[in-house]
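Colleague: Kindly generate the complete structure, drawing on both the sequences and the hints.
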Amino acid sequence: MTTPIVSPALLDVSNLGVEFQTRGGVARVLEEVAFQVHRGETLGLVGESGCGKSMTALAMMRLIPTPPGRITSGRVVLDGKDLLALDEPAMRHHRGNRISMIFQEPMTSLNPAYTVGNQIGEAVRLHQGLDRKAATTCAIDMLEAVGIPAAKARVHDYPHQFSGGMRQRVMIAMALACKPDVLIADEPTTALDVTVQAQIFDLISDLRERTGTAVVLITHDMGAIAEMADRVAVMYAGRIVEEGSVAEVLQAPLHPYTRGLIACAPGRRTTGFGEPLTEIPGTVPSLLERRGGCAFADRCSDVQPRCRTHLPAETRIDAGRRRVLCWLHAEEKRETSS
Amino acid sequence: MTDALLQVRDLKVHFPMGGGILGARSFVKAVDGVSFDIPKGRTFGIVGESGSGKSTTALAVMRLVKITSGSMRLGDDDIGALEGEGLRKVRRRFQMVFQDPFASLNPRKRAGDAILEALELMDVGEPAARPALARQLFLQTGLRPEQLQLFPHQFSGGQRQRIVLARALAARPDLVVCDEPVSALDVAIQAQILNLMQRLQRELGLTYLFISHDLGVIRHMCDEIGVMYLGQIVEQAPREGLFERPLHPYTLALWSAAPSFDPGSRSRRDRIRLQGDPPSPIHVPPGCRFAGRCPFAEPRCHSEPPALREVLPGHQVACHRVTDAGQPAYREA
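As you go down the protein sequences, you meet chains B and V in turn.
If you read the first sequence in our numbering, its first letter stands for residue 1, the second for the next number, and so on.
If you read the second sequence in our numbering, its first letter stands for residue 1001, the second for the next number, and so on.
FYI, nobody ran anything at the bench for these hints, they're computed from the structure.
Even glycine gets a Cβ: it sits at the ideal position worked out from N, Cα and C.
There may be inaccurate statements among the hints.
Derived list of chain B stretches under chain V, where covered just means 3 residues or more per stretch with a C-beta under 8 Å from a C-beta of chain V [to be verified]:
id, stretch
1, 197 to 206
2, 213 to 222
3, 249 to 262
Residues from chain B shown here face chain V by an in silico Cβ test under 7 Å; the list is partial [as the list claims (entries may be wrong)]:
id, residue
4, Glu48
5, Ala90
6, Ser163
7, Ala226
8, Glu227
9, Pro266
10, Pro276
11, Ile280
12, Glu314
Modeller: Rendered as structure tokens:
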């Protein structure tokens, strides 16, 4: 456990709000999203599709398509500087340089018309003013760092000449070429086989340990969170509903949604064979359907009348290291596990 | 075993690749000698990574790819040899659920019509009784009869997979081949569909051939499991044996690669880590297909292909380094 007095976070996201103008009305995609990540730390963002994980990443990178999308509120403070307040040229200087991102689909996020060396080198040419030759050398170093054999020869290959796992390595090399402070990995292994996923996870962990890069890992897989993250934030319908250390959240989840996510995973030793899995009934509500109150109320097994009308205030537990957004744990019920 | 509903013997599916006027034609050996039985009412799982041939095996059982050799029997029907009208008639006994519920429904056809079409094609029930059958199928799969009028885009992913299940069940099949039926769904929805599939199996006495890359899903659903690597089953055992006592180094590697949040599961550091990618299924290595990536390979693994043999009751493995008594000899090394 770290001491309660910690250095200011490297990345401090507060009150982040994003909305999209749609034909059906205004969809509030993110509301009051807040979290901090320290140097060398991995924060996992977990939730079902449509809960706002990827939108959070795009908002941090300022890549929300505007219009129809719009960042309505909040701050994304990286090392003392609010990224949302920067003008576009200044933001461009940060993006890919100090904060970079690995996308879900290594097949579609590399340009098929350029060699991988060119694409990795582009970042350092732009951000660090290296010439082509130096950029190629840097690209070779990066390819070696991510474990691509014969990097010197392969730097001149095109994306289609690499397998899926290799392409994801190239993506990581690209994202890390400028030694960013923050790496956002949005479902980096979803398209990959488990043995390749394990390789990529090892790679990200090793790089994080070597360079002190803070990692925001976005995933729907609680197993991946358990393996990779130090802390986890659970998102539902555009809000963070629970946050805490991975060990605490996985062993003693407080929010009914977190409990459901953990319990419905198939194939765990704790579920006997032939026993039905715990279901979370229903589906994520559409963004336009959201009314007052807790968005999870309709699917929640512990729902109370006030859940449907009022959103609880965030409850902080364990000296603020843990928080939850649920009436079950609001005010009077502060004495939970421990 | 004579009580098997589905019996697959030495199934091979080779896809021809190019081949010039002079050059010898090469083949992708997608499935290369796979045998298994599924007793009635049980679930047989095939697990493996992309390119292992698990989906091709499913398609071969469905007779949706050309079989190079081997035999397949479903009860008394020789489904591997039938052709034409004979094959079409027997198809009602085996149906398939595909991975992507967004791609496996016609977007321009109402959900109810998709069901009715299946009933008509398979000649199930009297024409006048079919709408009632469709309603019943919808209820059985957890949908509401009024939703028969809707188009696929008006359903969520989980609901679409329910429609796909209802359509597969329309023919009243004995065997349902499920190729990654929940891989495209969110984890909370996965649980709903898996529970539904197990309930349907109990109620209707269905037999499942269940293909997945997800070890958790496989462990939850299957009675017996075959692990495929590069077109072959390298280990096959009842669920308990395979998960509690995996013997093939590839199975071990697969198990240890899967992220787990069970308390007491292995930590990340003491695992079998595989390097690189599987070899090409065109130029298959001469010995054990896994030898090139196996941390325990000996010289003969590279030259002599190991046969799948039973080392413990019901537990088969194809590895030179597992003793006939079911001991992993590589462990002591």
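Colleague: Indicate, hint by hint, whether the structure satisfies it.
Modeller: Here is how each hint holds up against the structure:
| no. | hint | verdict |
| --- | --- | --- |
| 1 | 197 to 206 | holds (count 6) |
| 2 | 213 to 222 | holds (count 3) |
| 3 | 249 to 262 | holds (count 5) |
| 4 | Glu48 | 4 Å, holds |
| 5 | Ala90 | 38 Å, violated |
| 6 | Ser163 | 5 Å, holds |
| 7 | Ala226 | 4 Å, holds |
| 8 | Glu227 | 4 Å, holds |
| 9 | Pro266 | 4 Å, holds |
| 10 | Pro276 | 5 Å, holds |
| 11 | Ile280 | 4 Å, holds |
| 12 | Glu314 | 23 Å, violated |
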